[in-house]
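Student: Now for the letters of each chain:
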Amino acid sequence: MSPEERAFQERIDRGEKIEPKEWMPDGYRKTLVRQIGQHAHSEIVGQLPEGNWITRAPTLERKAILLAKVQDEAGHGLYLYSAAETLGVSRDELTGKLLSGKMKYSSIFNYPTLTWADMGAVGWLVDGAAIMNQVPLQRTSYGPYSRAMIRICKEESFHQRQGYAIMMKMARGTPEQKEMAQDALNRFWYPALMMFGPSDKDSVHSAQSMAWKIKMNTNDELRQKFVDETVPQAEYLGLTVPDETLRWNDARGHYDFAQPDWDEFFEVLKGNGPCNRERLEARREAWERGAWFRDGLNAYADKAAARRASASIAAE
Amino acid sequence: MSPEERAFQERIDRGEKIEPKEWMPDGYRKTLVRQIGQHAHSEIVGQLPEGNWITRAPTLERKAILLAKVQDEAGHGLYLYSAAETLGVSRDELTGKLLSGKMKYSSIFNYPTLTWADMGAVGWLVDGAAIMNQVPLQRTSYGPYSRAMIRICKEESFHQRQGYAIMMKMARGTPEQKEMAQDALNRFWYPALMMFGPSDKDSVHSAQSMAWKIKMNTNDELRQKFVDETVPQAEYLGLTVPDETLRWNDARGHYDFAQPDWDEFFEVLKGNGPCNRERLEARREAWERGAWFRDGLNAYADKAAARRASASIAAE
Amino acid sequence: KPAFFDWLCRMGDNTAILGHRISEWCGHGPVLEEDIALANTALDLIGHTQMWLGLAAEVEDAGRTADDLAFLRDAMKYRNVQLVELPNRDMAHTLMREFLFDAWHVEMLTALLQSGSPRVAEIAAKALKEVGYHVERSSDLVVRLGDGTDESHARMQDALDRLWPYAGELFLGDGVDAAVAKAGIAPAPGDLRAAWERTVDAVLDEATLRKPEGRFDVHRGGKQGRHTEHLGFILAEMQFLQRAYPGASW
Amino acid sequence: KPAFFDWLCRMGDNTAILGHRISEWCGHGPVLEEDIALANTALDLIGHTQMWLGLAAEVEDAGRTADDLAFLRDAMKYRNVQLVELPNRDMAHTLMREFLFDAWHVEMLTALLQSGSPRVAEIAAKALKEVGYHVERSSDLVVRLGDGTDESHARMQDALDRLWPYAGELFLGDGVDAAVAKAGIAPAPGDLRAAWERTVDAVLDEATLRKPEGRFDVHRGGKQGRHTEHLGFILAEMQFLQRAYPGASW
Numbered sequence: 293m294s295p296e297e298r299a300f301q302e303r304i305d306r307g308e309k310i311e312p313k314e315w316m317p318d319g320y321r322k323t324l325v326r327q328i329g330q331h332a333h334s335e336i337v338g339q340l341p342e343g344n345w346i347t348r349a350p351t352l353e354r355k356a357i358l359l360a361k362v363q364d365e366a367g368h369g370l371y372l373y374s375a376a377e378t379l380g381v382s383r384d385e386l387t388g389k390l391l392s393g394k395m396k397y398s399s400i401f402n403y404p405t406l407t408w409a410d411m412g413a414v415g416w417l418v419d420g421a422a423i424m425n426q427v428p429l430q431r432t433s434y435g436p437y438s439r440a441m442i443r444i445c446k447e448e449s450f451h452q453r454q455g456y457a458i459m460m461k462m463a464r465g466t467p468e469q470k471e472m473a474q475d476a477l478n479r480f481w482y483p484a485l486m487m488f489g490p491s492d493k494d495s496v497h498s499a500q501s502m503a504w505k506i507k508m509n510t511n512d513e514l515r516q517k518f519v520d521e522t523v524p525q526a527e528y529l530g531l532t533v534p535d536e537t538l539r540w541n542d543a544r545g546h547y548d549f550a551q552p553d554w555d556e557f558f559e560v561l562k563g564n565g566p567c568n569r570e571r572l573e574a575r576r577e578a579w580e581r582g583a584w585f586r587d588g589l590n591a592y593a594d595k596a597a598a599r600r601a602s603a604s605i606a607a608e
Numbered sequence: 293m294s295p296e297e298r299a300f301q302e303r304i305d306r307g308e309k310i311e312p313k314e315w316m317p318d319g320y321r322k323t324l325v326r327q328i329g330q331h332a333h334s335e336i337v338g339q340l341p342e343g344n345w346i347t348r349a350p351t352l353e354r355k356a357i358l359l360a361k362v363q364d365e366a367g368h369g370l371y372l373y374s375a376a377e378t379l380g381v382s383r384d385e386l387t388g389k390l391l392s393g394k395m396k397y398s399s400i401f402n403y404p405t406l407t408w409a410d411m412g413a414v415g416w417l418v419d420g421a422a423i424m425n426q427v428p429l430q431r432t433s434y435g436p437y438s439r440a441m442i443r444i445c446k447e448e449s450f451h452q453r454q455g456y457a458i459m460m461k462m463a464r465g466t467p468e469q470k471e472m473a474q475d476a477l478n479r480f481w482y483p484a485l486m487m488f489g490p491s492d493k494d495s496v497h498s499a500q501s502m503a504w505k506i507k508m509n510t511n512d513e514l515r516q517k518f519v520d521e522t523v524p525q526a527e528y529l530g531l532t533v534p535d536e537t538l539r540w541n542d543a544r545g546h547y548d549f550a551q552p553d554w555d556e557f558f559e560v561l562k563g564n565g566p567c568n569r570e571r572l573e574a575r576r577e578a579w580e581r582g583a584w585f586r587d588g589l590n591a592y593a594d595k596a597a598a599r600r601a602s603a604s605i606a607a608e
Numbered sequence: 029k030p031a032f033f034d035w036l037c038r039m040g041d042n043t044a045i046l047g048h049r050i051s052e053w054c055g056h057g058p059v060l061e062e063d064i065a066l067a068n069t070a071l072d073l074i075g076h077t078q079m080w081l082g083l084a085a086e087v088e089d090a091g092r093t094a095d096d097l098a099f100l101r102d103a104m105k106y107r108n109v110q111l112v113e114l115p116n117r118d119m120a121h122t123l124m125r126e127f128l129f130d131a132w133h134v135e136m137l138t139a140l141l142q143s144g145s146p147r148v149a150e151i152a153a154k155a156l157k158e159v160g161y162h163v164e165r166s167s168d169l170v171v172r173l174g175d176g177t178d179e180s181h182a183r184m185q186d187a188l189d190r191l192w193p194y195a196g197e198l199f200l201g202d203g204v205d206a207a208v209a210k211a212g213i214a215p216a217p218g219d220l221r222a223a224w225e226r227t228v229d230a231v232l233d234e235a236t237l238r239k240p241e242g243r244f245d246v247h248r249g250g251k252q253g254r255h256t257e258h259l260g261f262i263l264a265e266m267q268f269l270q271r272a273y274p275g276a277s278w
Numbered sequence: 029k030p031a032f033f034d035w036l037c038r039m040g041d042n043t044a045i046l047g048h049r050i051s052e053w054c055g056h057g058p059v060l061e062e063d064i065a066l067a068n069t070a071l072d073l074i075g076h077t078q079m080w081l082g083l084a085a086e087v088e089d090a091g092r093t094a095d096d097l098a099f100l101r102d103a104m105k106y107r108n109v110q111l112v113e114l115p116n117r118d119m120a121h122t123l124m125r126e127f128l129f130d131a132w133h134v135e136m137l138t139a140l141l142q143s144g145s146p147r148v149a150e151i152a153a154k155a156l157k158e159v160g161y162h163v164e165r166s167s168d169l170v171v172r173l174g175d176g177t178d179e180s181h182a183r184m185q186d187a188l189d190r191l192w193p194y195a196g197e198l199f200l201g202d203g204v205d206a207a208v209a210k211a212g213i214a215p216a217p218g219d220l221r222a223a224w225e226r227t228v229d230a231v232l233d234e235a236t237l238r239k240p241e242g243r244f245d246v247h248r249g250g251k252q253g254r255h256t257e258h259l260g261f262i263l264a265e266m267q268f269l270q271r272a273y274p275g276a277s278w
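Chains as they are written, first to last, in this note's numbering: chain A, 293 to 608; chain B, 293 to 608; chain C, 29 to 278; chain D, 29 to 278.
Just so you know, the hints here were simulated from the structure itself, not pulled from any lab data.
Please note that a few of the clues may not be correct.
[Unchecked claim] Partner residues are not named here, just some residues of chain B that face chain D (Cβ under 7 Å, in silico):
{"hint": "1", "residue": "347"}
{"hint": "2", "residue": "369"}
{"hint": "3", "residue": "552"}
[Unchecked claim] Part of the chain C face toward chain D, derived, beta carbon under 10 Å:
{"hint": "4", "residue": "90"}
{"hint": "5", "residue": "100"}
{"hint": "6", "residue": "265"}
{"hint": "7", "residue": "268"}
{"hint": "8", "residue": "272"}
[To be verified] Straight line, CA to CA, 25 Å or less: simulated SDA-like cross-link-like pairs of lysine to any residue:
{"hint": "9", "chain 1": "A", "residue 1": "461", "chain 2": "D", "residue 2": "253"}
{"hint": "10", "chain 1": "A", "residue 1": "470", "chain 2": "D", "residue 2": "258"}
{"hint": "11", "chain 1": "B", "residue 1": "470", "chain 2": "D", "residue 2": "258"}
{"hint": "12", "chain 1": "A", "residue 1": "461", "chain 2": "C", "residue 2": "278"}
{"hint": "13", "chain 1": "D", "residue 1": "105", "chain 2": "C", "residue 2": "265"}
{"hint": "14", "chain 1": "D", "residue 1": "239", "chain 2": "A", "residue 2": "563"}
{"hint": "15", "chain 1": "A", "residue 1": "562", "chain 2": "A", "residue 2": "576"}
{"hint": "16", "chain 1": "D", "residue 1": "105", "chain 2": "C", "residue 2": "274"}
{"hint": "17", "chain 1": "B", "residue 1": "595", "chain 2": "D", "residue 2": "253"}
The model shown is predicted, which means the values in this text are computed figures rather than measured ones.
For each residue, glycine too, the CB sits at the ideal point set by N, CA and C.
If we strip away everything but chain A, and leave its shape as in the complex, we get:
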C-alpha cells in the first residue's frame, strides 16, 4: 500500500467522508462507478415491471400511489447518476453501457409482474430487500453516494409500507385476491433472496469493498436480516412463505431457510430470465425513439445561446 493509499484508508477508518475532488485510489473510483451505476440502472429498469400495471390500477388512489412511486424511482435514478457524475462519468456514458449490456441492473427486474398482487409483493419484498442493502449504505465512505442514499432510503421505506398495504388488502380480500397474494409471494420470495447476491464465500470483491466502506455488510448477513424481518410479516398477512425448511432456530436466534436456486440466478444474469430481453429492448427503444427529442432540445439551446450572444454583442 502506498502512503497515499494508507492515508486514504485511515480517513475511511476514522469515518471521514471522501468528497469528489479529493484523491482516491483508482479501484475505489471504479468500484463505486460500477456499484452506483448499477444501482441507478436498476431504478430506471425498475420502472418497467411496475409501470406495467399503472394503466390497470384498480382504483384512482392506487393509480396515483403507483404513479408517484414510479416517479420516485426515476428520481432515484437521477440522484444516483448525479452521484456517479461526481466520479467523472457522464449519465449518457452510463446509459450507453446499460443499453449495450456492458453494465447490469438488478436481476429482480427481469421477473414479470403478472397480477395486481405483484405491485404489493414488489413493494414489500423487492423494496424491502433493497432497503436492507441501502440503509447501511447511508454510512458509506463516499460523500455524494451517502447523501443520495439518505434521500433514497426515506422514500423507499415509504414504498415498502405501501406495498405491504396492498398485500394486506389482497391477503384479506376475496379468495381470488388471496390466491393472487399467495402466488405473488411464491414467485417473488426466492428472487428477493437473490437480490443480496451469492453467498460471501463466492463473492470476489467483497473484502476490499468492505474495507473501503462501499459495502457495509456481507450478503449473507443482509439476507438473514431480511428473512428474519419478513417471515413474521408474511405470517401476519396469513400467507405461507414457499420454503418448507423454514423454521426458527432458537440457538442461532435466526430463522433457518433454504437458499434460492443459484443456477437460476446465474441463468438470469446471463440473460435467460423471463424478461431480460424485453426490459432491455424497452429501454433501448425509449432511448432511440427519444433521439430526435433530445436533439431538438439541444439545437434549441444552441440557438438560444447564439441569440443571447449576438444580442449582447449588439448591445455593446
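Chains B, C and D: place on chain A using the hints.
Tutor: Frame of chain A; chains B, C and D shown alone:
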C-alpha cells in the same frame, strides 16, 4: 355516335354481356375501372371498422362469425380486383391510387364502430344498403363484373342476416344492450342513406352509366327501396329510426323520409369524416410494413424459377 | 342537477383519460427528466379526477363513488373530449395534445375560481396550481421543439396538423353547458376561446409553427358520449380489475 | 378428471390465444391473400377452441360453458404455452411462431387420433384437417421468406432466435400430462419432440435459416398458469364485454 359505338350500345340493349377481349368505348372502360376499383377498395377498407371488434367479440361463436365475415370481405376485394384486371389495370396500380387518395372508397367506412351493436348495424344497414346497390348489378353489362357480383351478393345477404341477428339479440337484451342497439341505429341510419349517393338530379354521370348498364337504378330509387325495406325491420326490432318526419305515404306506396345531411356527406368525402385519416393510414401502414414480405416472396419466386431453368438445362 | 353531474363528469373524464394516456409513457420517456415530468403530470390529472368525479358522485347522490364512475362506466357514458383519448404516437403528439389541452384547462380553471358553486371553485383553486405549471412546461417544450432541429420541427408541425381538428370540441357548448352556465357554475365553453387562441397563437408563433388553416372543430361528440374507436380499448385495460372482480376492495 | 379438464384447457387455451393474436392482423396484412389466409387460420383456431373448451366444460360438469371458460378466467387460470401469447411484432414473428406451433400441433393431433377418449379423437380428427393445411402453409412461407431477400432472411432469423427459447415448453410434461398419458388420452409431451424436430430441421434447412444454439425451453410456466406480461392485456381486451355486461346474451 360512331358505328362501333352504336353496335356496342345495341349489344347492351339486347342484354348481351361484354367480355374482356371485346371492343368497348374508352369511357365505358374508364367508368367501369373507377366503379369496380372503388368497390374493391371499399371491401378492403371495410375490413377495418369490423376488424376493430374481432378481438373483443363477446362469444367464441360471434368471434368466428365476424372473422368469417371480414375474411369474405377480403375475398370480395380479390374478386373485384380480378374483374378490374380484365380491363387492363393491375391490382397494385389500383392499390397505389387508393393509398395516394386518388381513388375513393365508400364513405361509410369513415364512421367509427363504437359498440358491439355496431357489428349488428353494419351488417344490417351497411351490408343491406350495399346489397340494394349490388343485386341489380348482377345484370350489369360487363361479364366479369356481373359474375363477381353474383358471387358477392350471395355472401352479402348472408352477412346482412347475421347483422340483423346481432341487432335482434341486442334489441331484446338487457337495457344497456338495447341502448347500444338504438344508438347504433341512430349513428348509422343517415350514413347508410348516404351510401346511395346524392340525389340523381345532382349526379353527373348517371345517364350514360345507366345506358351502358353499369348503373341499373337511380340513387333515389334505391334509397327509397332501402327505406321501405328497412323501416319495418327496425319496427320489428322495437327500435326507432332517428327521423321524426318518417311516415308511410299511402298515395305513393312508399315511406316519406328525411334526406341525410348532404353537407356532412361532402365533408366526409373531402376527408373530414371521423376516421378518414386513420383508415387510409392503416392501409398505408399495412402496405409499407408489408413491402419486405412481398419482396421476399418475389425474390424466392425468381430464385426458384432460375433453379428450375438451370435444372432443366442441366437435364438436357 | 343532471346537467351539473354531466358537466362534472366531463371535467373528470378529461383528466382521467388524459392522465391515462400520459401515464402510458411511464418508463418509456426520451430522457429521465421527461419520465419524471410525465409521471408527475399524470399524477396531478388523476388527483383532479378524484376531486371532480368525487363531487359528481356526491351530486348524483345515487351511492356511486368516484371509482365507480371511473371504472364502471362504458365508453358511451364517458364525457371527455375526443382530443384526450387519441393515441400517444410520439412525444410530439403527446406534448402538442397536452399543450392544446393545458391552454384550455388553465382558462377553464381560472374562470371556475368565480364559480357560484363553492365546491367547484375550491377544486379549481387546487387544480389550478398544478395546471399553471403544466401549461408553462408544455408551452416551453412546444417552443423548444418547434424551433429545434428540422426533424423536431416537422414532428411538432405534424402533431399540430393532426390534432388541430380535435381541439375545437373544447369550445362547443350544448344544453348541459348552457344549463351550468345559467346556474353560474361554469363559463360557457365559447367564452374561453379568445384567451385560448391568444395563448396558442403566441406559443405557435414563438415555436415557428404554422397554425393549420382547416376547421378546428371537425371531430366532436366526445362530450355527448360519441368517441373515437380508441376509448373502448383504453377502458378495457383501465377497468379490467374492477370488472373482473366485482365488489373486491383494493 | 381434474387433470383431463386441465389438459383440455391447455389445448383450448393454446388455440384461443394464438387465434386471438392472429386475428389482430385482420385488415392489416401485407397482401390481400395473406389477409384472407390469416383470418382463415384464426377462424379455424377459434373453432378448435369451441370444441376443446366445450369438452372441458362438459368434463368439469360445473355448469360452465366454453364461453365461460374463454371469457371469465383470468390469466392465472389460463393454461396456454407462453409462445402463443407473444406479440405479433411483424409478419416474420407471426409466421415463425405459427410454424413452430403448427409443427407441434399437427403431431399432437395425429397422436390424438388414437386417444382412448373417443371425444378427444373426434375433435382431433376434425381439427387435423385444418391444421394439416396450416403447417403446410406456414412451412412454405418460412421457406420462401427465409430464402427470399436479405431482409426477409434476416427478419425470419431474428424471429426464430427470439421465439426459440419459448418453443420447448410444448414438450415439457408435468403431473397433468402424466395423468392424461397414463389414462391413454394423450401422448406424453416429450414423445412429440423427435417428429417436431425433424419437421423443424427440414424446413429451417430449406429456408437457409440457422437453428439457434441456446436452450429452447428457457421460458416455461404457461401450462401451469405462469404467463408473460402480455397475456393480461390480451384478456383485458378479449373479455371486456363479458366482464362489463355479466349475464347478457349476445
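Student: Against this structure, judge whether each hint is valid.
Tutor: Hint check:
no.: 1; hint: 347; result: holds (5 Å)
no.: 2; hint: 369; result: holds (6 Å)
no.: 3; hint: 552; result: violated (26 Å)
no.: 4; hint: 90; result: violated (19 Å)
no.: 5; hint: 100; result: holds (8 Å)
no.: 6; hint: 265; result: holds (5 Å)
no.: 7; hint: 268; result: holds (4 Å)
no.: 8; hint: 272; result: holds (5 Å)
no.: 9; hint: A:461 x D:253; result: holds (23 Å)
no.: 10; hint: A:470 x D:258; result: holds (22 Å)
no.: 11; hint: B:470 x D:258; result: violated (33 Å)
no.: 12; hint: A:461 x C:278; result: holds (6 Å)
no.: 13; hint: D:105 x C:265; result: holds (19 Å)
no.: 14; hint: D:239 x A:563; result: holds (19 Å)
no.: 15; hint: A:562 x A:576; result: holds (18 Å)
no.: 16; hint: D:105 x C:274; result: holds (18 Å)
no.: 17; hint: B:595 x D:253; result: violated (45 Å)
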